[in-house]
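**Q** Chains as they are written, first to last, in the working numbering: chain A, 193 to 448; chain B, 823 to 930; chain C, 437 to 747.
Hints may be right or wrong, so weigh each one.
[Stated by the list, open to error] Distance condition first, Cα-Cα at most 27 Å in a straight line; then the derived DSSO-like pairs of lysine-lysine:
#1 594(C) / 657(C)
#2 826(B) / 655(C)
#3 657(C) / 478(C)
#4 657(C) / 595(C)
#5 655(C) / 546(C)
#6 891(B) / 659(C)
#7 478(C) / 655(C)
#8 594(C) / 828(B)
#9 645(C) / 657(C)
#10 533(C) / 548(C)
#11 478(C) / 645(C)
#12 533(C) / 828(B)
#13 659(C) / 594(C)
#14 891(B) / 461(C)
#15 828(B) / 595(C)
#16 478(C) / 533(C)
#17 655(C) / 548(C)
#18 655(C) / 828(B)
#19 655(C) / 461(C)
#20 594(C) / 461(C)
#21 595(C) / 533(C)
Because the hints were derived from the structure by calculation, they are not lab data.
Each chain, written out:
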Amino acid sequence: MTVQDAASQAALAELLLAMADDEFVLGFWDSEWTGIAPILEEDVAMSSVSQDEIGHAKALYELLASLSGEDADEIAFGRAPGAYRHAALMNHPRTDWAFSIARRYLYETADAVRLESLAGSSYQPLAQLVTKMRREETYHLLHFDLWLRRLTEGGPESRDRLIGALRDLWTDAQAVFAPLDGEEALVAGGIMPDRLETLRKRWLDRVVPRFAELGLPPMPAAPAPAPDGRRLHGIDFAWLHGEFTMVAASEAGASW
Amino acid sequence: MGAKDKVWEVFRQEAEGDPMIHGGSVRAPDEELATHYAREFYGRRQESERLWIVPRDTIIELDDPDLLKPPFDRSFKRPGGFLIKHKLEAARIRAGATGAEPIEELGE
Amino acid sequence: MRYPVAVNETERAEAFYAHVAGGGKVEPDDWMPDDYRAAVLKFVEMHANSELMGVLPEREWILRAPTLRRKLALTSKVQDEVGHAQLLYRVAEDLGKSREQMLTDLLAGKTKFHNVFHYPTRSWADVGIIAWLVDAAAIVSQQALRDSSYAPYARTMKKICWEESVHIMHGRDVVLTMMNGTDAQRALVQDALDRWWGPLMQMHGPPTKPETDRDLIWKIKAKGNEQLRQEFLSIYVPRIRELGLVIPDPALAYDEAAGRWSYIEPDWDELRSVVTGHGPMSQERLEFRRTHRAQTQWVRDAIIGPVGAAA
C-alpha cells in the first residue's frame, strides 16, 4: 500500500524520523565505548551493535529521503538540535558501563516490541525494512539480556550500579512510546498496526516480569510519557550535536 | 587472567561444505559470552557459515613425531604409493595388446 | 619440533636456531630457548600495545565523522584495531605473560608502542592520512611478518593483513574526496601530510645491521627496517604525488644508480624520545587509558573475577 494522503505522509515521516533518530543518537553515544570498553572482546561486540544502529538509522533516513526528496546525510546531519525526534532515553551520555547496559536493555526490548508490530505495517517498504532489522536485533536482545543478568549476579557493586541506572532511566525509557503527531492517521491506515500506548503496555508486560525473575527490585510506576518526550533534548545532546555536526558543517556544500 | 576467565578456541567454516578451520581464540568466563565473542571475531564480517567454540582445556594435542612421522616406509598406505606404470606397460607388451585403449589407473 | 632424548641444552638451542634460520616454524607448546621466547614476546607485545594505543588518535573523530558512510567506516576501522589488539595480546599471552600484566606495563610506561600513535590529530584530514598512509606503512611491515618463524604470530598477521586492506581503501577514499573538493579541504590534507610525514619516515625504525638483528636472524621478522621503508616509498610516493600533494622533503628522490630512494635522514633522536614516552600526546593518552581502565575495573571484577596482579 502506498501512502496516498498528505496527513498520512506527514505522520509517516514523523514515525520514520523518530525511529531513525533513536537509532542514530544511541549509535553515537555507544560508539564512544570503542577503544575503552571494560573488556577487549566486549569492546568489539559493543562497537558492532553501535554500527548496526547507525546502519539501521541510515536505512530509515534513506527511506524518509525517498519520500521527502532530501538526502539521507542532510536529514541526519543537517538539523538544529531541537528538530531531532529521538526519545528522552537517548538524551543521556553513556555515563558508566551499568548506565549504558541499562539503557541498551530498556531500548532494545522497547524497540523489539515496536518492530514486531511494524513488521505488519500496511506500508510495504517499512514492513520489509523492519523485517530485516529484526534479524540483526536478535543478537542485540541476546547480548543485553546477558549483560543485565551478569550485572545483576556479579556482586553488590555491579548490582547496585545497575539498579541505580535502571531507576534513573525508567521515566525517560517510557518516551520510546511518546505520542507522535498524526498517530491516528497512521493507525487508521494500518501503517501502524498498534497504537503506541498499546505497545508500551506490551513492553512493560515483558520487562517488569523479567526484572522480577532476576530478583531486581520493582521499578516505580510507569506513567504514560509526556507529549514532549521526543522534543526536549537538553545540554548533553546539544554537546553531541556539536560533535557530530562539527566537520559536516565546516565547509558548506563540501563532499566528505 | 581473572578467576573465571578461560581461553576458547574458535573453528570456522568458510563456505557450506568446507572443513572447519582453526581461526583463533577468545577469552571469556563461560560458553554464552564465548559464543558472542566468537561471533564478533570470526563472524562479524559475515565471513563464516558456521563456528565451533571449544574450551582450550578440552583439546587433546598430539604432535609426537614417533607416532605421526615414524621412519619406516608407509607409502603403501597413501595414494600414489604404488608405481604400476612400467609394470602395466610390460604386461601389455607381453599380452600383445595392440590398439587397446589406455586404462585410467589411480596412482602412477 | 622434537629432539633426541639425551641432548644438552646448548645442542638443543643450536638445533632450534638452525631450525628457525632454515625457515622452520615454532608453535606455543614447543620447547624454545628463553632468548627466543623473550624476543618474540617483546615484538608481539609492542605490536599489541600499538594497536591498542592506535585506537586513541582516531577514536576522537568517530563522533565527528561527517557522513553516515564515513561514520560506519571509521567505527569499523577502529573496531578492527581493537580486534587486532585482542588477537596480538592472545598470541603474547600464550607465551606466558598475562593480558593484565601487559596492560599494566604499558600504562606504567615500561613497554612501548609505535611512534605514530604519540602524535595529535588536528582535523578530519588527519583521519584520512592516518587511515591511508600510516596503515600503509604498517601493512608493509605486517605483510613481511606473515612468514614469521613463530607460527601463531604468522597466522595472526595473515588475518590482520586481510582485515587492514579495507582500511587503506577507506583512508585513500577520504583523502581523494577532499583533494577533489574545495581549496580549504585540499589545504587541510596538505597540512596533515606536512605534520605526519616525519613520523611516517621514522615509523619503520633506523636501519639495523642484519648480522646483529636477532629478530631477523631468527626469522621473527623477514625484512629489515630500511627495506620496509624503501618498499613503502616505492609504492606510496607516486600515489601521494599524483594527487597534487607535496611531500615535505625536498631531498626525496629515487636514485636509479643506487636502486633506492634517498631522503633527508629522519630524526632518530625524535623517534627515541617519542617512543620512551616524550611524544606530544604520549602522557595524555596513557593517562586517558589509565583513567578508563580504573573506571571499568568493577566490571571485570564482576564478570571475570578479580585478578592476582593489581589492575
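**Q** Do the alpha carbons of residue 594(C) and residue 657(C) lie within 27 Å of each other, as the hint requires?
**A** holds (14 Å)
**Q** Below or equal to 27 Å on CA atoms is what counts here, so check residue 594(C) against residue 461(C).
**A** Holds - the C-alpha atoms of residue 461(C) and residue 594(C) are around 15 Å apart, at most 27 Å.
**Q** Check the hint pairing residue 533(C) with residue 828(B) against an upper bound of 27 Å on the C-alpha distance.
**A** holds (15 Å)
**Q** CA of residue 826(B) to CA of residue 655(C), is that 27 Å or under?
**A** With a Cα-Cα distance of about 36 Å, the restraint between residue 826(B) and residue 655(C) is violated, given a limit of 27 Å.
**Q** Regarding the pair residue 655(C) and residue 461(C), is the alpha-carbon distance no greater than 27 Å?
**A** holds (9 Å)
**Q** Does residue 645(C) lie within 27 Å of residue 478(C) when you go C-alpha to C-alpha?
**A** holds (19 Å)
**Q** Taken at face value, is the distance from the CA of residue 533(C) to the CA of residue 478(C) at most 27 Å?
**A** holds (10 Å)
**Q** Holds or violated: are the alpha carbons of residue 657(C) and residue 595(C) at most 27 Å from each other?
**A** holds (16 Å)
**Q** Please work out if residue 594(C) and residue 828(B) have their alpha carbons no farther apart than 27 Å.
**A** holds (25 Å)
**Q** Residue 657(C) and residue 478(C): Cα distance at most 27 Å?
**A** holds (13 Å)
**Q** Starting from residue 828(B), check that the Cα of residue 595(C) is at most 27 Å away, please.
**A** holds (23 Å)
**Q** Does the structure keep residue 659(C) and residue 594(C) at a Cα separation of 27 Å or less?
**A** Given pair residue 659(C), residue 594(C) holds - Cα atoms ~16 Å apart, limit 27 Å.
In this structure, the hints that do not hold are numbers 2, 6 and 18, in rising order.
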